[in-house]
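Please work from the sequences and hints to get the whole structure.
Chains as they are written, first to last, in the numbering used here: chain U, 75 to 338; chain B, 203 to 499.
Hints in this document: simulated from the structure, not taken from any laboratory.
All values derive from a computational prediction rather than experimental measurement.
One should not assume that every hint holds.
[What the hints assert, rightly or not] Have a look at the derived ranges for each label pair, beta carbon to beta carbon:
hint	chain 1	residue 1	chain 2	residue 2	range
1	B	LEU349	U	LYS219	21 to 31 angstroms
2	U	SER224	B	LEU302	51 to 61 angstroms
3	U	LYS272	B	LYS469	53 to 63 angstroms
[Stated by the list, open to error] To spell it out: a stretch of chain B is covered by chain U in this simulated footprint if at least three of its residues, at any positions, have a beta carbon under 8 angstroms from a beta carbon of chain U; those stretches are:
hint	stretch
4	261 to 268
5	345 to 357
6	370 to 379
[Said to hold, decoys possible] Derived lysine-lysine pairs resembling DSBU-like cross-links, with alpha carbons at most 30 angstroms apart:
hint	chain 1	residue 1	chain 2	residue 2
7	U	LYS215	U	LYS185
8	U	LYS151	B	LYS355
9	U	LYS203	B	LYS486
10	U	LYS267	U	LYS288
11	U	LYS151	U	LYS186
12	U	LYS219	B	LYS315
13	U	LYS203	U	LYS185
14	U	LYS185	U	LYS134
15	U	LYS272	U	LYS308
16	B	LYS281	U	LYS151
17	U	LYS87	B	LYS281
18	U	LYS185	B	LYS487
By construction, the Cβ of each residue, glycine as well, lies at the ideal position given by its N, Cα and C atoms.
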Amino acid sequence: MLKIQNVHKVFSKGTVNEHYALQGIDLELKTGEFVTLIGTNGAGKSTIMNLIGGDILPDKGRIYLDNEDITYEKEHKRARKIGRIFQNPMLGTAPDMTVEENLAVAYSQSKKGLFGIGIKKEDSEFFKKCLEDFDLGLEDKLKTKVGLLSGGQRQAIALLMSTISTPKLLLLDEHTAALDPSAAEKVMNITNKIVREKNITTLMITHNINQALKTGDRTIMLHKGKIILDLSGKERENMTVSDLLKLYENNSNDIFDNDRMILS
Amino acid sequence: MTLILGSLHIGLIYALLGIGVYITFRVLDIPDLTADGSLTLGLAVSGIMTINNQSILGLVLAFIAGCIAGSVTGLLQTKFGIHPILSGILTMSGLYSINLLIMGASNISLIGKESVFKIFEDMLGGLDKDIVRLIVCFVVCFVVSALFILFFKTRLGLMIRATGNNEHMVKASSINVDFIKIFTLAIANGCVSLSGGLLAQYQSFSDISSGVGTVVIGLASVIIGEVLFGRRTVTIGIISAVVGSIIYRLIIALALQSSIFPSYMLKLVSAVIVGVALSIPTIKKSIENRKLRKGGI
Ligand SMILES: Nc1ncnc2c1ncn2[C@@H]1O[C@H](COP(=O)(O)OP(=O)(O)O)[C@@H](O)[C@H]1O
Ligand SMILES: [Mg+2]
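Structure below.
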């Protein structure tokens, strides 16, 4: 499904700030697999997603999606196949437009022609039905400007937008990290629901190790631009947070920096 | 009465400029300085075509020429990464030569030619000349406004609004942001150029310097409209740009007639009005902050 082959990324090459962010990443995701990605701050997690999403290009290596080489494909072109949510709820939605207008822009990917009516009645009804499933009271706010909603509500709408025409791959970059705990939990529930119902192959970055082990089917740990752990099946099921931290210490030869990892 | 009628005529003609500026400045959220050049481009194209007895075709070509000018600015901004303000200045500056090339002189007269106004005056023979002119201006303005209002309800219209609001989200929705920007700058400048085209036929001459200060006039219309209607939907925005343009002309006409200031001060007064209006949000904010600092809770 997704195949990352020997990908390297160097930032500010040839300057004093040169930084080898990714040092030969090999990763393969099976169709429908839900993979969580953890690692200390600066390990290169977001860089992997930005390479898959097309914001930046690798210095070396290839990225394939469904056997199609997307390494150098334009960002907006691959956006058709890849849905993305970021930590900042402001990024995914247009604040001065209403909920239904936002959804309609995302939904336009699956429609032909630019001059059709922007929001048809049946579209509104479809959006309403999707939002009802979220149980956030958003179904009554189709005509509300998104800027007036809470971070959690905005993130839920962003989630619906990036999955409304089912993507091949969903990339989540700490998408609940900026939310308060109850909103984060709701958004996480919605995420699980959408991913499972639509069987979307998903890669999720989180700094919450417990969440990483509990969510999805497989957990990958990144350290200084390299994959140092790849857990799945029984091994993952039996893994506790402290086991994982021990493994991390062994594999990374580093004193653990628990700056950002939340040991919950 | 002539003062009011004249202001209505000019106000409706410049309303097209207001709509164009509203689309770039408020909807797409890009300050576009191409307008100074594209308005004159409209005057030039429509002027030459009218001299050659093709006044209606002249208006169509003025619109198309404006679209091309806008696309150039759009290309400079998107494909070549030049700052939006500088892109507009480059196009505007280049257009000065193009406009001279089209007109063949810095000033051309259309007196006695078959302008659209003349055509309708002949057609509606019994009516007062000023009323016929009002009808022509109103119909053109109405049709253009209605088309843009409908356009912004389409899928593409929604994409344009989204691009002005959150480019990042538009890209994520697999929409080509560069195309959207180029297209929008094209139609907006087409509209500005059409405004110039109509103006040339109304005043029976085209002058190379007609475009000086155009952007400021457009902004003034948009802002006056916003004072009256507030900033709400695009539909209201377009209507308010039209109303704003008419009111702007009335204010100017009244001020000139009562000799509050001489006509050469016009551009300075307009610039001051726009400058003050645009700084109101910041001034409000700093007054609030000062209150907070002094008062506390
Ligand atoms: N655009 C960039 N330019 C220069 N350095 C960058 C850029 N993006 C990321 N980096 C650096 O690459 C490293 C990995 O960043 P990132 O992938 O964002 O880490 P994280 O695992 O916390 O998401 C960091 O040291 C960061 O400073
Ligand atoms: Mg990150």
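Right, here's what the structure says about each hint:
| no. | hint | verdict |
| --- | --- | --- |
| 1 | B:LEU349 x U:LYS219: 21 to 31 angstroms | holds, 26 angstroms |
| 2 | U:SER224 x B:LEU302: 51 to 61 angstroms | holds, 57 angstroms |
| 3 | U:LYS272 x B:LYS469: 53 to 63 angstroms | holds, 59 angstroms |
| 4 | 261 to 268 | violated (count 0) |
| 5 | 345 to 357 | holds (count 3) |
| 6 | 370 to 379 | holds (count 10) |
| 7 | U:LYS215 x U:LYS185 | holds, 24 angstroms |
| 8 | U:LYS151 x B:LYS355 | holds, 24 angstroms |
| 9 | U:LYS203 x B:LYS486 | violated, 42 angstroms |
| 10 | U:LYS267 x U:LYS288 | holds, 14 angstroms |
| 11 | U:LYS151 x U:LYS186 | holds, 15 angstroms |
| 12 | U:LYS219 x B:LYS315 | violated, 52 angstroms |
| 13 | U:LYS203 x U:LYS185 | holds, 19 angstroms |
| 14 | U:LYS185 x U:LYS134 | violated, 36 angstroms |
| 15 | U:LYS272 x U:LYS308 | holds, 25 angstroms |
| 16 | B:LYS281 x U:LYS151 | holds, 16 angstroms |
| 17 | U:LYS87 x B:LYS281 | holds, 25 angstroms |
| 18 | U:LYS185 x B:LYS487 | violated, 43 angstroms |
Of the hints listed earlier, those the structure fails to meet are numbers 4, 9, 12, 14, 18, in rising order.
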